[in-house]
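J.: Sequence:
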Amino acid sequence: MADFPVSPDSLKPASPPGGLIFLTQEVTVVGPGEPILALVGEEVEFPCHLSPYLDAQHMEIRWFRSRTADVVHLYRERQEFPGRQLAQFRNRTRLIKEGILDGSVVLQLRSVAPSDQGLFGCRFLSGNFSGEAVWELEVAGLGSDPHIFLEGFKKGGIQLRCSSSGWYPKPKAQWRDHQGQCLPPESEAIIQDAQGLFSLETSVVVRGGAHGNLSLSILNLLLGQKKELVVQIAGQWLPSTFLFPVVTLSVFHVAGGLRVTFIVLRCSLLSACVACCSIHLCFLCACGLFLLAAQCSVLVSHPPGYRLPLTPHHHKQH
9 MADFPVSPDS LKPASPPGGL IFLTQEVTVV GPGEPILALV GEEVEFPCHL
59 SPYLDAQHME IRWFRSRTAD VVHLYRERQE FPGRQLAQFR NRTRLIKEGI
109 LDGSVVLQLR SVAPSDQGLF GCRFLSGNFS GEAVWELEVA GLGSDPHIFL
159 EGFKKGGIQL RCSSSGWYPK PKAQWRDHQG QCLPPESEAI IQDAQGLFSL
209 ETSVVVRGGA HGNLSLSILN LLLGQKKELV VQIAGQWLPS TFLFPVVTLS
259 VFHVAGGLRV TFIVLRCSLL SACVACCSIH LCFLCACGLF LLAAQCSVLV
309 SHPPGYRLPL TPHHHKQH
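Here the sequence shown stands for residues 9 to 326, where the numbers follow my numbering.
If you're looking for bench data, these hints aren't it; they were derived computationally from the structure. Accuracy of the hints is not assured; some may be wrong.
Stated by the list, open to error - Derived Cβ-Cβ restraints for the label pairs, each shown as a range:
(1) 92 to 202: 23 to 33 angstroms
(2) 50 to 192: 27 to 37 angstroms
(3) 99 to 186: 43 to 53 angstroms
(4) 161 to 99: 25 to 35 angstroms
(5) 187 to 232: 16 to 26 angstroms
(6) 123 to 187: 39 to 49 angstroms
(7) 201 to 164: 30 to 40 angstroms
(8) 116 to 95: 16 to 26 angstroms
(9) 123 to 190: 32 to 42 angstroms
(10) 186 to 164: 16 to 26 angstroms
Stated by the list, open to error - Within a straight-line C-alpha distance of at most 20 angstroms, the following computed DMTMM-like cross-link-like pairs (lysine to aspartate or glutamate) qualify:
(11) 105 to 88
(12) 162 to 194
(13) 180 to 88
(14) 178 to 50
(15) 180 to 201
(16) 178 to 236
(17) 162 to 196
(18) 105 to 63
(19) 105 to 53
(20) 163 to 196
(21) 178 to 201
(22) 105 to 51
(23) 180 to 153
(24) 180 to 194
(25) 178 to 209
(26) 178 to 153
(27) 162 to 236
(28) 178 to 196
Every residue, glycine too, gets a C-beta built ideally from N, C-alpha and C.
Produce the entire structure from the sequences given, and follow the hints as far as they go.
T.: So this is what it looks like as structure tokens:
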């Protein structure tokens, strides 16, 4: 954030939108004290005020992007001018001006999108005064719960595929074995949609002899938050005889919001899998019977808040 002090001896010439303001000391425009972090789809506020406090109701107050000509919201002489806004901000802003007599105003921006990320500023202008402050808006999106699919046999093992969407910026995915060692993905694709959000699809092959936990973490580096899925494997894979061990799959939200557990029983002939809840793991044996979990437990706690302060109080990765 940069503040630009203005004194009576170093004023920019400007056509007065209102009456002259007689300055007796240095005046500064103060904006947010540091970069603002906002979540996709949420609302963010841009506060600005004059220091010392001055009546700003007859001033021009302009919120802008990197250039003052790129108008986010314009107030002048007790009126607002939505026709001057950039198209991407129309019908998305609201000016709170209860404190304008003291030179304090707040602009609300709704439905934050990845395209909003970047430099913002506010400028106060009168007949003999001009000053502005600028700051950075950072945008983040924590993606959807991971969905896992059992693809079948491949390269002497079982292929698991996982997908998740709604991430920003680009997420980082990592498979790990029961010892915490990184596993190379069999495949991985990250694509960006028209709204700027990222979708991830990644797969791994679990080969014979695997046991213990297999985990997938999808991390948002900006938020320091992740979604994690854990596969618990008991017994040995025997692909040559199409015999499966008992397998437990659990989805963990790192924030502690949700855990879903499935236990899959042995089946001599595995032919298909279909969708089930947020985990896709239903088995159809050759005799036409579904073998599904003997137990399914769901524990739900209050989800983490999505309204971020300047310093987000979210669970950090350790």
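J.: Taken at face value, is the distance from the CA of residue 201 to the CA of residue 178 at most 20 angstroms?
T.: holds (12 angstroms)
J.: CA of residue 180 to CA of residue 194, is that 20 angstroms or under?
T.: Cα-Cα ~15 angstroms, so holds.
J.: Taking the Cβ atom of residue 116 and the Cβ atom of residue 95, is their distance within the range 16 to 26 angstroms?
T.: Holds, at about 18 angstroms.
J.: Taking 27 to 37 angstroms as the hint, is the beta-carbon distance of residue 50 and residue 192 inside that range?
T.: 36 angstroms Cβ-Cβ, so the 27 to 37 angstroms window holds.
J.: Between the alpha carbons of residue 178 and residue 50, is the straight-line distance 20 angstroms or under?
T.: Measuring from Cα to Cα gives roughly 19 angstroms; hence the hint holds.
J.: For residue 105 and residue 51, compute the direct alpha-carbon distance and say whether it is at most 20 angstroms.
T.: This hinted pair holds, its Cα atoms lying about 17 angstroms apart.
J.: Run the distance test for residue 162 versus residue 194: straight-line Cα separation, threshold 20 angstroms.
T.: Within the cut-off at roughly 10 angstroms; holds.
J.: For residue 180 and residue 88, compute the direct alpha-carbon distance and say whether it is at most 20 angstroms.
T.: violated (43 angstroms)
J.: Against the 20 angstroms threshold, does the CA-CA distance of residue 178 and residue 236 hold or violate the hint?
T.: Satisfied, since the Cα-Cα distance of roughly 16 angstroms is no more than 20 angstroms.
J.: Can you tell me whether the CB distance of residue 99 to residue 186 sits inside 43 to 53 angstroms?
T.: Given about 52 angstroms between the Cβ atoms, the range holds.
J.: Is the Cα-Cα distance between residue 162 and residue 196 20 angstroms or less?
T.: Given pair residue 162, residue 196 holds - Cα atoms ~16 angstroms apart, limit 20 angstroms.
J.: Is residue 163 within 20 angstroms of residue 196, Cα to Cα?
T.: This hinted pair holds, its Cα atoms lying about 17 angstroms apart.
The structure fails hints 4, 13 and 27 (numbered hints given earlier, in ascending order).
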